[in-house]
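A.B. asks: So the sequence shown is numbered by my numbering: it starts at 9 and just counts up by one.
Source of the hints: derived by calculation from the structure; they are not laboratory data. Predicted model, so just to flag it, every value in this text is computed and none were measured. Beta carbons: idealized from backbone N, C-alpha and C, even for Gly. Be aware that a few hints might be false.
As the list claims (entries may be wrong) - Straight-line distance between alpha carbons at most 27 angstroms, and here's what the computed DSSO-like set of lysine-lysine pairs gives:
hint : residue 1 : residue 2
1    : Lys241    : Lys150
2    : Lys118    : Lys150
3    : Lys33     : Lys241
4    : Lys159    : Lys118
5    : Lys209    : Lys185
6    : Lys185    : Lys33
7    : Lys185    : Lys150
Said to hold, decoys possible - Listed next, with one range per pair, are the computed distances between beta-carbon atoms:
hint : residue 1 : residue 2 : range
8    : Phe162    : Gly139    : 39 to 45 angstroms
9    : Arg25     : Ala256    : 36 to 42 angstroms
10   : Ala102    : Ala79     : 16 to 22 angstroms
11   : Gly133    : Ala210    : 22 to 28 angstroms
12   : Leu215    : Pro116    : 26 to 32 angstroms
13   : Gln258    : Arg93     : 43 to 49 angstroms
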Amino acid sequence: MSGDLLRLDHVSKTFTRGGFFTSRKVEAVKDLSFAIRQDRPEIFTIIGESGSGKSTTARMILGVERPTAGALTFNGLDVGALRTREDRMRFMHAVQPIFQNPFEAFNPLKRLDRYLLLTARRFGGATDEAGAERLADEALRKVGLSLAEVKGRFPHELSGGQLQRVAIARALVSSPKLIVADEPVSMVDASLRMAIVTLFKALRDDLGISIIYITHDLATAYSISDRIIIMQKGAVVEAGEARAVLAAPQHPYSRQLREAVLTPDATPAFSA
9 MSGDLLRLDH VSKTFTRGGF FTSRKVEAVK DLSFAIRQDR PEIFTIIGES
59 GSGKSTTARM ILGVERPTAG ALTFNGLDVG ALRTREDRMR FMHAVQPIFQ
109 NPFEAFNPLK RLDRYLLLTA RRFGGATDEA GAERLADEAL RKVGLSLAEV
159 KGRFPHELSG GQLQRVAIAR ALVSSPKLIV ADEPVSMVDA SLRMAIVTLF
209 KALRDDLGIS IIYITHDLAT AYSISDRIII MQKGAVVEAG EARAVLAAPQ
259 HPYSRQLREA VLTPDATPAF SA
């Protein structure tokens, strides 16, 4: 529909595993459908354990993998049919990823500001060094840093939390409409997790950016999500408004996930 920013209609992804004589098909994602509206920025969370299909879904949304079946569109454009460099660049301008391990997102031998300045030129519209630095600094300030703090520094010189903030800033340079964040807090200290996910809420509320938040962390999902889907073995087993689903899950797998993270201290976090 014209009002949808992102739309998945009965999307499936099948991989072939094994050799020539022992190959078998593995359905990583099965008949997945959901939509995010243009006029309603939200944090849409995909929850599941390893092998649930959530990261494969992220790769399809980012155009890294093509669906085996179904339709996946962004702003009405078929993401699997981005043929020209112009189409691909326009898509990457509007859809940005944030990955699990910030130390793997950056080359340890390259200074961090070079990533930001290159992104500013390639996707932010900067035409000179001063313009690129201005865009980079604006993006960094949105995540609580500045270009002065980052300039000339290598990835190993920052903490994991700081580096993940730089990764988020890099995604913000192009003023995206959608961010796909695949397990963005799993490599960050527990004390910093809520700070980063709270930042996601600010991106939604202040900048109007929708976020696909992919996680197995039910506590952060409960705190920031508008809607969620819970996936098991490639299929959605439960979906709906986040707090309602997580406070009183109906599917046995959803209840199992919830019970696995509950401790006497964590229990109140899931009360309605």
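A.B. asks: Now tell me if each hint is right for this structure.
C.D. replies: We went through each hint and held it up to the structure:
no.	hint	verdict
1	Lys241 x Lys150	violated (37 angstroms)
2	Lys118 x Lys150	holds (23 angstroms)
3	Lys33 x Lys241	holds (14 angstroms)
4	Lys159 x Lys118	holds (11 angstroms)
5	Lys209 x Lys185	holds (14 angstroms)
6	Lys185 x Lys33	violated (35 angstroms)
7	Lys185 x Lys150	holds (16 angstroms)
8	Phe162 x Gly139: 39 to 45 angstroms	violated (24 angstroms)
9	Arg25 x Ala256: 36 to 42 angstroms	holds (37 angstroms)
10	Ala102 x Ala79: 16 to 22 angstroms	holds (18 angstroms)
11	Gly133 x Ala210: 22 to 28 angstroms	holds (23 angstroms)
12	Leu215 x Pro116: 26 to 32 angstroms	holds (30 angstroms)
13	Gln258 x Arg93: 43 to 49 angstroms	holds (46 angstroms)
When the structure is compared with the earlier hints, violations turn up for hints 1, 6, 8 and for no others.
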